[in-house]
Every structure is written in C-alpha cells, then in structure tokens.
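Work out the full structure: start from the sequences and follow the hints.
4 protein chains.
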Amino acid sequence: MSGNTFGNLFAVTNFGESHGPAIGCVIDGCPPGMALCEADIQGDLDRRRPGTSKYVTQRNEPDQVQILSGVYEGKTTGTPIALLIYNTDQRSKDYGNILQSFRPGHADFTYFNKYGLRDPRGGGRSSARLTAPMVAAGAVAKKWLFEKYGTTFKGCMTQLGDVHIPFESWEHVSANPFYAPAADVSALEALMDGLRKAGDSCGARLRVVASRMPVGLGQPLFDKLDADIAYAMMGVNAVKGVEIGAGFAAVAQRGTTHGDEIEMKDGKPHFKTNNAGGVLGGISTGQDLEVSVAIKPTSSILSPKQSIDTQGNAVEVVTKGRHDPCVGIRATPILEAMLALVVMEHALQHRAQCGEAVGKQ
Amino acid sequence: MSGNTFGNLFAVTNFGESHGPAIGCVIDGCPPGMALCEADIQGDLDRRRPGTSKYVTQRNEPDQVQILSGVYEGKTTGTPIALLIYNTDQRSKDYGNILQSFRPGHADFTYFNKYGLRDPRGGGRSSARLTAPMVAAGAVAKKWLFEKYGTTFKGCMTQLGDVHIPFESWEHVSANPFYAPAADVSALEALMDGLRKAGDSCGARLRVVASRMPVGLGQPLFDKLDADIAYAMMGVNAVKGVEIGAGFAAVAQRGTTHGDEIEMKDGKPHFKTNNAGGVLGGISTGQDLEVSVAIKPTSSILSPKQSIDTQGNAVEVVTKGRHDPCVGIRATPILEAMLALVVMEHALQHRAQCGEAVGKQ
Amino acid sequence: MSGNTFGNLFAVTNFGESHGPAIGCVIDGCPPGMALCEADIQGDLDRRRPGTSKYVTQRNEPDQVQILSGVYEGKTTGTPIALLIYNTDQRSKDYGNILQSFRPGHADFTYFNKYGLRDPRGGGRSSARLTAPMVAAGAVAKKWLFEKYGTTFKGCMTQLGDVHIPFESWEHVSANPFYAPAADVSALEALMDGLRKAGDSCGARLRVVASRMPVGLGQPLFDKLDADIAYAMMGVNAVKGVEIGAGFAAVAQRGTTHGDEIEMKDGKPHFKTNNAGGVLGGISTGQDLEVSVAIKPTSSILSPKQSIDTQGNAVEVVTKGRHDPCVGIRATPILEAMLALVVMEHALQHRAQCGEAVGKQ
Amino acid sequence: MSGNTFGNLFAVTNFGESHGPAIGCVIDGCPPGMALCEADIQGDLDRRRPGTSKYVTQRNEPDQVQILSGVYEGKTTGTPIALLIYNTDQRSKDYGNILQSFRPGHADFTYFNKYGLRDPRGGGRSSARLTAPMVAAGAVAKKWLFEKYGTTFKGCMTQLGDVHIPFESWEHVSANPFYAPAADVSALEALMDGLRKAGDSCGARLRVVASRMPVGLGQPLFDKLDADIAYAMMGVNAVKGVEIGAGFAAVAQRGTTHGDEIEMKDGKPHFKTNNAGGVLGGISTGQDLEVSVAIKPTSSILSPKQSIDTQGNAVEVVTKGRHDPCVGIRATPILEAMLALVVMEHALQHRAQCGEAVGKQ
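Residue numbers (our numbering), protein chains in the order written: chain A, 1 to 361; chain B, 1001 to 1361; chain C, 2001 to 2361; chain D, 3001 to 3361.
No wet-lab data here; the hints were simulated from the structure. From the three backbone atoms N, C-alpha and C, an ideal C-beta is built for every residue, glycine too.
To be clear about the criterion: a stretch of chain C counts as covered by chain B if any three or more of its residues have a C-beta under 8 Å from a C-beta of chain B, and this derived list gives those stretches:
(1) 2004-2011
(2) 2018-2032
(3) 2063-2070
(4) 2074-2080
(5) 2105-2118
Written as structure tokens, this is what we have:
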C-alpha cells in the first residue's frame, strides 16, 4: 500500500536507500522446485551495474547479491526469497552541499513535503540504485518463465536525445555501452561527449520486448496486462511516457490499418501485424509484447539551476558527484526486469483462476 | 486480483456486461459524512452517454444511476456505496453474425483463449460500456476532492486522427461534441463525415488535467502517482500510450531545459515550468497533473478484414452495429474520472501514513 | 481495505444495509466454465432465511437472489458475478425509539463514534442480514469445490445456552429448526420458550466441518488456513470465540496425546486422530477441517438495560421488534459458507503458486 | 498473497528459515518522523529470546537486530524499515534423523505435500523462530501507538497444562519465567520438571490485553478488529483457539448479562462490564481489548510416536534437539506484538477513511 511491494502473487518487496548499509528485496510467491543460485541473478545485475563504461556513473558498486532465504539445496522452497546487496561505495560527502536545497527535477521537494524530512544522501530512497533489487527479482521471474513457457525478454535503445537509432539487429545490443541495436554508435558517443563537456544531459527512448508469450495472460478490466506494464514502466525512475504496440502513432492510424488481421499459419493462429503490441482487451495474444518508453534527461547536472531551500530562500543548485549523463543508458535491463515481473504476476494470476491450460487453441 | 477492483482504500469494484441486465460498481472506503445523491453523479454520466451527437454511437441508453447503499439521509455513511445502472437498449441481434469469429482489434480472440468461452453480445465484458460505472465512481471522488482540497479535473481532445487541435480555451470544450478546446471544429466534422462514408475510423489524443493538487500525494517506489496514473489510463479501452508532463518529448530535451526550476511566489514555492507534469519522484508537487493519452482507432468498422473463427477457418469480418467512428470522442469524462480515482486513492493513502497535514510548506 | 471485500483471488465484495433498497455482493475471480444459475444459490439462502420457525425472527424476507452478471448461457464466464437481493420487508418504524440511543451489545456506539453518523434502521450495515450475500457467495464456492475435489461442508449446533447437545447423527440436523444433530430437541424448545417469556436470549456453540479436503491448501506464515478460518468465523456477527481441532482443550493435553499419529491405510497416509482439526503449520492435511464457534446471546432483548444516548444522557433501552432469541440458530449455513469461501480462496492461491497438482502423495 | 506479509497499511513482510543465514522483516508504511533505534526493538526481542531459563529451549541466539533502512538520523523516514537478525546457532545435525520422516503434530507432512520439497533444518520456515521478526515489528508499532494514543500492550499466562493460574497482579509477570501473574509459580515449575522427565509437553492458555485503546478502530464487515485479531493470533505457531472478551463463556450467558451497559463517568462514556472484550460490531469501544489464546503442547517430544516417511514406510519418530516443553512459555511477547500490529494497521486504516479525529464523543 505504501508502494514498496510490486505484484501480488509474485510479490517483490523492495527496501533500502542509496547510501544506507544495504538494499534488497523479498520475493514472496515464487513457485517451489526451481533451481536457483546467486549466479542466476548476478548476470542481469552486472548488466545494470554502474562503472562499466565512461558513459555511466563511475560509482563503483560490485552489487554482489546474496540469497538469504527461500532456497534449500539449490531449489526454491516456495517460501520468501530474500535478496541482499550491500552498499559498498557510499561517498556521502559528495552530496553535502545540497542537503537543504531542492534540486530541480529531483524528488527532494516532494519527499520533504510528503514526509516532513528526507534522507538526502545520494537521493536516499528516490535513487535509481533501488532498481538493482528489481533487476535481481526480474532475473528470478525470467528464469521461471523461460523454463515454463520459453518466454524471453530483450530490450534496446531506439533514440538518444535527438538521435534516432536505426534497428539493425539484436546482436549489436550487447556490443556497445548504449544497448543500441546498430553497428555504428559513433553519433551516440559524440552526443555523450558533447553533453559531458557542456555539463548537460539528455533523455532516451527504449524498447523492450517479450517473445514466446503464452496466450491469455491478463485481466479484463483494470489489471489489464498493458495497464500493469504501463504501471511498471512509469514507475521506473525518470520514465515520462509508455507506449504499447503502435502507441501514439495509433492516433493517426485508420481502423482499416490498425486492427491486426488474423490468419492460420502452421496450424496456429497468426497475426499479420502487431499494432496491438501483443495485447487485446488487456489479455496477451501470444504475439510479442512490444513496449516503448520515454526517459527524461538526468536531473543531476553540472549546469546551475534556480531553486529554493527548505526555508524558502532562493538558491542556485549545481549537482556535483558521479552521475549518468543519460540515465537511459543503463535502463534496458531494468525495463526487461519490470516486464518480466509483470508477465510473471499474470502467469500466476491466470493459473489461479483458469488452471494450467494456457490458450484454448 | 482478477482485475475488477480499482484502488485499495477507495476501492471501486466494477461488474456487468454490455448486454446483461445491469452494470454497476461498489465503492468501498468513501469517507463518511459527505452529502451525496444521484444528481451528483448523473452529470458526468450524461457527458459520457451514447447517442448525444451524430459522431457517437446511436445506442440509446439513459444510463440512470441508482444508489443502492452507503448513503443515509443524504450523507455517505462510510460503508459501501453500490451504484446500479440498468441496461435498457440491448439489441443483441446486431451482433449475431460475429459470434463465432474473432474481430480484428477486439478482445474476442483473447477472451476465448483465456476463459475457453466468452459472452459475445456487444463485446460482453470488454465493451467500453463498462466505463460508465467508473465515471459514476469518479464523480464521487471528484466531489470529495473538491470539497477537501478544491481539486478540479478537466480534459480535452488535442488530436483527432491526423488533425492537431490547437488549444484556444477550456471554454470551448463543452461547446462541441469533440471536447475540442477550439472554436472551429469544422475540420473535425469533415474528418468524421469522411470516415463514416469510408466505413473507417481513426484514433485520438486526449489531454487530462488535475488542478489545485495537494502536495505530497504518491508513493516513492512502485505506487508512484504517475505509475498509478499510467495504470489507470492504459486500462481504459483502446488506450495505447500515456505521457506525464513532457512525455516522449522529454527524450530530446536537455537536462538544462527539462528540470523545472523553483522560485518563491506569493510566499509559496512555484515551479517556473511543468515538464514534470506535476509529479517528481512519484509524488505530487502541487502543480497541475498533466496527462496525455493515445487512443487507437475504433476496431468495429464496416470495412471487411481477414480473420479466423473459433474453428480456425478463415473468415471475413465486417462489424455492423452502432459504433463510434472514434472512441476517443466520448473518452474525456472517462479519463477525468480515472484520474480522479487515482488522486482520491492517494489522498487516502497519504492520510493513512502521514496524517491530515498536506505539504510541509 | 475498508473491510467489505472477503478474499483476494475469489474476492467477494458485499454491500447493502438491513433496511436499504437491496443487499448483494460481487464475486470476482470465479473460475470460468462452471454451470451456474440462481437455483444453485437459492437453496442455501433458504436455509438461512428468517421466518422459517417460531424460534427465529418473524421478519418475512423471501431473499430471492438475482444473478446480474458473470454468467452467459448458464456458465460462469470468469468475469464478476454480481448477486442482488432486494429487501422487501423493511418496517423501519420498529426501530424509531432507539435512533438516538446506544443499545448495549450492539454496534450503535462504535459506528457513531467511528463515522460520526450511522444508519440506525435495523442495525444498518451491522445487521446480520448482511450475511445473506455471503451465504450466496459461499454456495458458488461450494459448487466449484465439490465439482473439483468432492469437498463438502456441513455444520450443526453443539450447545444452546447451557444445554449441551449430544452428537447422534448428521441426519438429524435438517429435521429440526436448531440444526441439532440429535433426535430429541425438546430441551432446546423448552429453553427457547422460557427465554422468550423472560424477554431474554442465550448464546450457542456451533461446529462446522469440511470433508474430502485437498492436501496442501494454506500458507506457511500469516495466511495460514486456520488463521484465515479464524478471521472468517470471528467476522460473523456475534461470534466471540473460534477453535480449530482440539481448540482450548489442547491446553490441558499432553504432547504425547495431541500430535496426531500417521499411518498408511488403503495405500494412502491416514491420521489416527484429528486434534489438529485438519491443519498443520497452516496447511491442510487432507483430514476434515474441524471448526468450533462461540456465538454470544442476542443483544436485542425485551428486558431493559442501562445505556446513554448520543448526547450522553442516561437512558433505558428495550429493543422491541422481531428478533432471534438466539442468533446462533440460523448461523450454521453462514459458517458453512464462510468456511467454503476460505477453502476456495486457498484452492486458487495454491493453484497459482504450485499448479494443479494437489498433494505430492 | 503467499502469506508472508502481515497487514496492508503497516505491512510487515517476513522472511527466513530457522537454520538459514538470517531472518528478518521489512516494515512498509511506518509513519515518518518517529524516533527509532535498535534499542527500541531489542527489549521485546530479548523477552522472546531462547535460552533465558531452564524451561525454554537452550538454543543460544542473541537475536541482535539491525536496522538496514528506513531510518535517517534516528528518525523514521516513511520508507521501508528492513530489520535483519542473523542466525548464529544453527546446529543442523540435531535434526539429521528426521529429514525423511513426518513428525506428528509438525508441518513436515503438509509442507512436503504442498511444495513437493521442504527445508527440514529446524523446521525451516515453520519454525517458531520466525516469530522473532514479528516481535521486532510489533515493537515499532507499540512505540508509535504509545506516542500517539498512549496505548499499551501486556500479556500473561492464565493456564499451564491443567494448572489454572490465578490472576493476582500484572507485576508478577516479569518476575517469573512463565509470564504468570501470580507470586507463587512452584506448581508450574513442578509441572515442567515432571514433563521434562517424562519426555512430554503440555499446552498453555495466554491472555493479552491492549489498554487505552482509541475508540472507532476496526471495519464493519470483514476486517472487523476482532476478526483481524483472531487471524493474527491463530496464525501464531501452535495456537488452536482464540477468544475475544467473554469468548466461549458467552455461549451459556444470557442476553440480560452479556450486553455491557453504558453510563457516563467523569464526563465520558463508560462500560460497566467488558464481555465484549473491547469490540462491538467489529469496531473498538475504547475499553481494553481482551484476548485469550489456546496453545497446543509442543510437538517436538522425546517420547516416540508412530508416523510414516516420505516413501510411505511406517517409522517411529523421536524428536531430539533443544525444544521448549511448553511453547506457550515464550509466547506472551509474540502475542503482544501481533495484537499491536493489528491495532496499528487499524489505526492507519481509520485515519485513511475518517481522518485524524478518533471518537465522536
């Protein structure tokens, strides 16, 4: 209710602050009997980890995950899986000068007004560091969904600032620090270098996809699969927009174009197009889930901005410290994890109401 | 869990089908002591009602709401408020020819595969008719929020198909059938007339705004105010995209531009711009909530489309019946209601954890 | 959250007041494809109905249930099942003299202090009349559980006031108005007649049993099957105590006696005794669920009691009107229904996490 | 949903196993601004701790709690409070001989059948050790409730096996290892010594009380305050019965006796008796909450019992290891904590719906 648990049947409760002793999460509801060890989780955490290229924050966190419970002799027991990640690089001094000021674009003002006090160290609870436990939980969901249905998750960057990135191949994604699906990322590097020199930042657009989806996941009215995806994505730090399938392009489409026609192919229903993005009436069609997300420019920049302090005095804020010039660069594994958590939740919801069978046809 | 209850503290449970005997909802958690009668609700229902112009479905439903419980001597008692709307115009015969086929762009395929059976009359549960009870519940939330904080909700259309609608004034909105904030809607009329002749449909982009928002509503991690707004909006029939504040335009913005600067004005904090859309770190800033939504073209069109039937045979589907050529035209009151329900939920959540005080400053 | 929805996966939202226009409930999460009609529900409602013997209230309510949604061509569709029961016998004048007084043993004082106002007609929301929709919802759960697992529910009275009722046979239960499992109920009749003459009332102890239980239903820590049973039973009007299995008798038992020994019988695990009441560690053993419940004496009595009014003046309260001299007499079908709702919820919860298989052995 | 989170607004998610690396919990929803440090929690943990007298298990666990998050500069921030307790004394070898057998009275059989596998070390998840994090969370709730309303919690033992313990004074409770409210506990010591020699165990009856309760906490239909108390108490390991107020004694009471009369005293409403146990219609009256709980005899005993193993072979089970001869002895602080968590949850629920005002009068 206070917003730190994601999901109901596969419920992930997240805790911690950027500069506290540790961050982590508790996964409740994981099906029993699945092989699970730290190595199954560490891979995705390493993809999200800071300090991996010169385009992301140089904070040095190994983000080593520990499984504290819920696994016995290498298998999930069906009881809560607690995952712990110690914070090791907490240079609080970096933030000393902004303790009493509200940084524009940050949650300082709202936390202070909501709670009457706030933990200012590294953004405290509002830090993107809290996405690490979600990536960890998402890895558990991904594993189960892959073993059960063969479902896979992948994502890429499709735009950085005003630079549109052509989709060439998924294979390029892991070959560059931007998760770009293109061979040549020199324009992206140039943009980043320019921003860094200018003490500025930019936004990004990311695409995330789930493939080999079971048919029939989702709920008809409120907990629509796409509604829960929108909730999950918009809940990630810095996200300002979410699209499913054709998204905002659907506004200018005609009904004759938009509705995806169905045919039989290899004895199975097949959609000729995917304007729906894999969801009709809130329920998965079996097509790829296609999600697109807008991420705002990093708010922590070296250029000064006008603001006020907690006493209402005018101040000028410059955010020193180790920040990503584009927070979207490291966001791909986060969005994949959130999508996996949504699909996992709906897989269990579907099984609760409708049983093991997935898809009449 | 099965997705027919919206909210937790102001929980609205929706029931009914397009062509069943009745639709309605139960509101649980409404604060006691608020004056409430049917007339307080009927106004918004009338704004959403079909048959009010030649640009919307000619289905003739009075949508008269009855309060069955939760109100005594004109005041809410704090117990569940059941709202009932009888369906009076259920011409099931209109739908006879599509009972066994999956209409492209509709939920037929997914319902059939999820549940193994479906109520095909008028779309059954997937009909946009089920938004009527939400408009009714939203009216209750709007009333409480206005009386408590002065908060108001309004919306308008900003694009119809490929026609962008300039914002001239909120006053125009109620003067035309499109909810357009412009004096001249002849281009919209021409577009609609053309689509109707062509047996086609188009999408729309709507904007919805909450003003005089309390500061501090929202939760830090998952139930962020903007995440819940995205969930609410994407859950409305035909919505394919949601933006908060600058939305997808934030991708190409620079950090120096995006982060809204703060100053003191009339003794209170004031944001110079509203790229945030009224939310920072998932919590309301007190600025207007600014939401933009993409609605896909109506899937029920007279032009034939290829599909299959429940046996897997290829069929051609033409959707006769009384359909809106653009479902976005009647959607404004729905989006307002959903936004009001989200704000109401968060107002109660905030009061639970932090007490009556709203905003430190 | 405001306490009018029971369950999460088989969620029953209850609404209405004793003397409002209607009472009812919405069942969300019912598995699709089950045959269901009003007659499947009416039977249990008739067992709970007032006016069926001289030992219960003479209020005359047919309690005719209507299915408003969620069923198509005689089968559940998986969408919300709304059940409506109109109130037809609402003699509000009976209650006129107690509108401003707090009746001892009633919820008048607490409702008034919680909400600042209350609906006094017939107890309003606190009336036992609101158990009727639960009996209706329970009938749906019973039907599914019987078809799926063969599970059945039954109950009886084991004590009325200070009269202990010997258990002779389940067959007697439907042959007398007390749900007594004994052939001779003359002592019970005598007790009731005496109480009526004295303007007094008494309590009752009831036993409720679920047989042919699946093994493995329940959760390990908080949503233990027995914890949820206790919650369900204590939530029924007038209940003051709940026991599972040996209950309070377990206090004086020795460990050597209490722990039920296990053996193999007909190739299956068999417990020699049932002190556990069918639950170990919060999870069903497959034995009968054995529950015992204490119901307090009816608070509405003709004998005068001291109290205060809303202004704090001393008053003497006599409750006229048509009241059950022992509310426990009609409670058996209510407790059966609540037990069925708990088992149903856990059946779906188990299926969500662990799949269709029930019981390893 | 999988039963490891207690509460909704003050939500405590519990994790860990008896012999895993650590146990703990995450508290979500704690009001911000309350002073909190480890010492505020450690006191109650020490009262529950094993090894404190010869009548409880000699397992040696310091149960030192660490606050990992949610507190900044000594004050709660409103974000999740993670509490961690490392397991230090995990002699798994003690349990080696029962890995494949189902101990009578234990959860071995049900866990194995539910999940298909189980962690047998020390009872794994079903160990009473998992009550330690609840005691810790309860201490946080107690602190807030005391500071806000002056509410206090206390408990005592009223029966040990077949020995009834007279209530003499609350002052005796902390002066003996049984939490007995009597000066002379020699009969209890004799009973314990006899049981230990006999390799046997016994049950206990405990009483737990909340004083200076706010009026108006609770919900009318399902989440009644007493229903949630029953749920909380029955969910504690080994509990088989729960009573509120007069409890099972209410069965033989008359209405003329049971309903507590109200008078004005010192200008405030005052109940002459407390058969209700502080709850009417599910809502607190302001009287003391009076709860009584039955705890079954310890199942881990040295006397042999018949059972089967996972292959269905007959086995004889003797539970060696370090066990409490009566698990009820250490249960008082646990029940206090659970009662505090229920009251805390309802305090926040009430504030959400009805605001800060508690009690009209």
